[in-house]
Amino acid sequence: MNEVFTELKTRLYKRTTRDQSWQAFASRGWLRTLSIVSVVSAWVLLGFAILDAVLPAPALDLDSFLSSIRYYLAFSWGYVWWAAIGSYLVLRKAIYHIATAPREVLDERELEMRDSAFRLGYLVVRRVGLGVAVAAFLTVQLRLSIGPEGKPLVGWLASLEPSRFISFGLTLLLLLVYTAYAFPHVVIAWRQARGRNQPIEPETVFETSTDWVLAVRRITRVFRWVMYVVVFLMFVYFPLEIFKVVPKVFDNYGLGISSVTAGYLLMAVYVLWMPFALVRLAWLFRAANAKGFLAARVTLNFAQWAHLVLLVTYPLFQELVRQTMIVGPLENYALYQVGSAILLAMAVAIVIFPAVGMIAATVGSRIASSKGNQ
Amino acid sequence: MGRKTREEEGIVANRLEQFRVEANLSRAELAEIVGVNYQTIGYIERSEYSPSLMLAFKLADALGTTVDNLFHINHQGEQK
Numbered sequence: 037m038n039e040v041f042t043e044l045k046t047r048l049y050k051r052t053t054r055d056q057s058w059q060a061f062a063s064r065g066w067l068r069t070l071s072i073v074s075v076v077s078a079w080v081l082l083g084f085a086i087l088d089a090v091l092p093a094p095a096l097d098l099d100s101f102l103s104s105i106r107y108y109l110a111f112s113w114g115y116v117w118w119a120a121i122g123s124y125l126v127l128r129k130a131i132y133h134i135a136t137a138p139r140e141v142l143d144e145r146e147l148e149m150r151d152s153a154f155r156l157g158y159l160v161v162r163r164v165g166l167g168v169a170v171a172a173f174l175t176v177q178l179r180l181s182i183g184p185e186g187k188p189l190v191g192w193l194a195s196l197e198p199s200r201f202i203s204f205g206l207t208l209l210l211l212l213v214y215t216a217y218a219f220p221h222v223v224i225a226w227r228q229a230r231g232r233n234q235p236i237e238p239e240t241v242f243e244t245s246t247d248w249v250l251a252v253r254r255i256t257r258v259f260r261w262v263m264y265v266v267v268f269l270m271f272v273y274f275p276l277e278i279f280k281v282v283p284k285v286f287d288n289y290g291l292g293i294s295s296v297t298a299g300y301l302l303m304a305v306y307v308l309w310m311p312f313a314l315v316r317l318a319w320l321f322r323a324a325n326a327k328g329f330l331a332a333r334v335t336l337n338f339a340q341w342a343h344l345v346l347l348v349t350y351p352l353f354q355e356l357v358r359q360t361m362i363v364g365p366l367e368n369y370a371l372y373q374v375g376s377a378i379l380l381a382m383a384v385a386i387v388i389f390p391a392v393g394m395i396a397a398t399v400g401s402r403i404a405s406s407k408g409n410q
Numbered sequence: 013m014g015r016k017t018r019e020e021e022g023i024v025a026n027r028l029e030q031f032r033v034e035a036n037l038s039r040a041e042l043a044e045i046v047g048v049n050y051q052t053i054g055y056i057e058r059s060e061y062s063p064s065l066m067l068a069f070k071l072a073d074a075l076g077t078t079v080d081n082l083f084h085i086n087h088q089g090e091q092k
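Just so you know, the sequences run in chain order S and E. Per the working numbering, the very first residue in the first sequence carries number 37; after that it's consecutive. Per the working numbering, the very first residue in the second sequence carries number 13; after that it's consecutive.
Among these hints, one or two may not hold up.
Think about it this way: if two alpha-carbon atoms lie no more than 20 Å apart in a straight line, the pair counts; the simulated EDC-like pairs of lysine to aspartate or glutamate are [to be verified]: (1) E:Lys-70 with S:Asp-151; (2) S:Lys-45 with S:Glu-140; (3) E:Lys-70 with E:Glu-41; (4) S:Lys-280 with S:Glu-140; (5) S:Lys-50 with S:Glu-144; (6) E:Lys-70 with S:Glu-144; (7) S:Lys-45 with S:Asp-151; (8) E:Lys-70 with E:Glu-60; (9) E:Lys-70 with E:Glu-29; (10) E:Lys-70 with E:Glu-44; (11) E:Lys-70 with S:Asp-143; (12) E:Lys-70 with S:Glu-148; (13) E:Lys-70 with E:Glu-34; (14) S:Lys-50 with E:Glu-41; (15) S:Lys-280 with S:Glu-148; (16) S:Lys-45 with S:Asp-143; (17) E:Lys-70 with E:Asp-80; (18) S:Lys-50 with E:Asp-80.
No lab work stands behind these hints: they were computed from the structure.
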């Protein structure tokens, strides 16, 4: 089993070092930005978790100040996790998997840097952990002796929802795991940035139709499997729902819950992945001889802009269609039917365009990778 | 009298870039020959990393020179 992981890590390392587009993130500015985002987002998540545990339970009064704060916390939570995970994933690539690659593929400087980063990471996490543990212990001791608002601790604990404590504990655990994974990467990235890391300018060449065919075939196995799952959910499960082989749990303009889930899954991958893909492609286009990639660039630009426009216009158009039925249900029924059909087409396009964009960007980077390897 | 700090001991300076350019090799090509990441060559050239003896010998061998021609200790205050 260990050999399998070693082999996988070796492949990942070699693929990343071959793919010139990841050098876009190897500059000092990017390494520092990603490191800062990773650390700050982890602290913000800890702050959110503490606020969530400390703030009183949401009241039924939705207009209250506390409810507003809770609403914004819940709204921002996902974005901060996105920033934390996104920055970590890109950091991994930006430092060429030095933190996780097998020893055999690293040179002596990289090994020295990794060992030192893990040592420093361990020391920092140990001290921060000690600080948090001491602070938590003192808080509990203080509450035991004084108690908030004159209540004894047991009563105070009983007044809080158990689910919030579970959520708090789980967030702490997740943050601990995140820190253990991300912090060595942050240390390595910061040191590389300090050492005036110099990315090699990309060497790109013309794209040809053969390149596209080959590049599509080379789309990474993981990405291909994500696509298989999405396609399965959308096009295989969907008929099963229609013929009532499986229960149809939810309906949204004719789309079953499986299709909606698949759409969200694809969008999540897209939203996490696309900004970084754009930076990588922009980097490739900077090359002195980057006269190619026109098809990849045009497709990607079209997909992302069309997706954005559709995302913005969909709710507006949806409201317009709804109004037709409110204004005159009988006389506007035909209009409503047409509007619903357009809405369905828009929903399908919203799901498909990210996939188109991802394929275009992947093709671009794969072509670069294959050329860089020659 | 304690041990000297790294700064007090001086840094290992080198003429790697000069020899590499004379040999008409890019950083990536030299890195390939000696089996390190291309960035490591940049770090050594900028004296931000002191290579091991093994790597120093490999570099000297790849550039057709000797280790003492390639590397020397640059004490604090000295010109490179």
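Results of checking the hints against the structure:
no.: 1; hint: E:Lys-70 with S:Asp-151; result: violated (23 Å)
no.: 2; hint: S:Lys-45 with S:Glu-140; result: holds (11 Å)
no.: 3; hint: E:Lys-70 with E:Glu-41; result: holds (14 Å)
no.: 4; hint: S:Lys-280 with S:Glu-140; result: violated (54 Å)
no.: 5; hint: S:Lys-50 with S:Glu-144; result: holds (17 Å)
no.: 6; hint: E:Lys-70 with S:Glu-144; result: holds (13 Å)
no.: 7; hint: S:Lys-45 with S:Asp-151; result: holds (17 Å)
no.: 8; hint: E:Lys-70 with E:Glu-60; result: holds (18 Å)
no.: 9; hint: E:Lys-70 with E:Glu-29; result: holds (15 Å)
no.: 10; hint: E:Lys-70 with E:Glu-44; result: holds (11 Å)
no.: 11; hint: E:Lys-70 with S:Asp-143; result: holds (13 Å)
no.: 12; hint: E:Lys-70 with S:Glu-148; result: holds (18 Å)
no.: 13; hint: E:Lys-70 with E:Glu-34; result: holds (17 Å)
no.: 14; hint: S:Lys-50 with E:Glu-41; result: holds (17 Å)
no.: 15; hint: S:Lys-280 with S:Glu-148; result: violated (60 Å)
no.: 16; hint: S:Lys-45 with S:Asp-143; result: holds (15 Å)
no.: 17; hint: E:Lys-70 with E:Asp-80; result: holds (13 Å)
no.: 18; hint: S:Lys-50 with E:Asp-80; result: violated (34 Å)
Hint compliance for this structure: hints 1, 4, 15, 18 are broken, all remaining hints hold.
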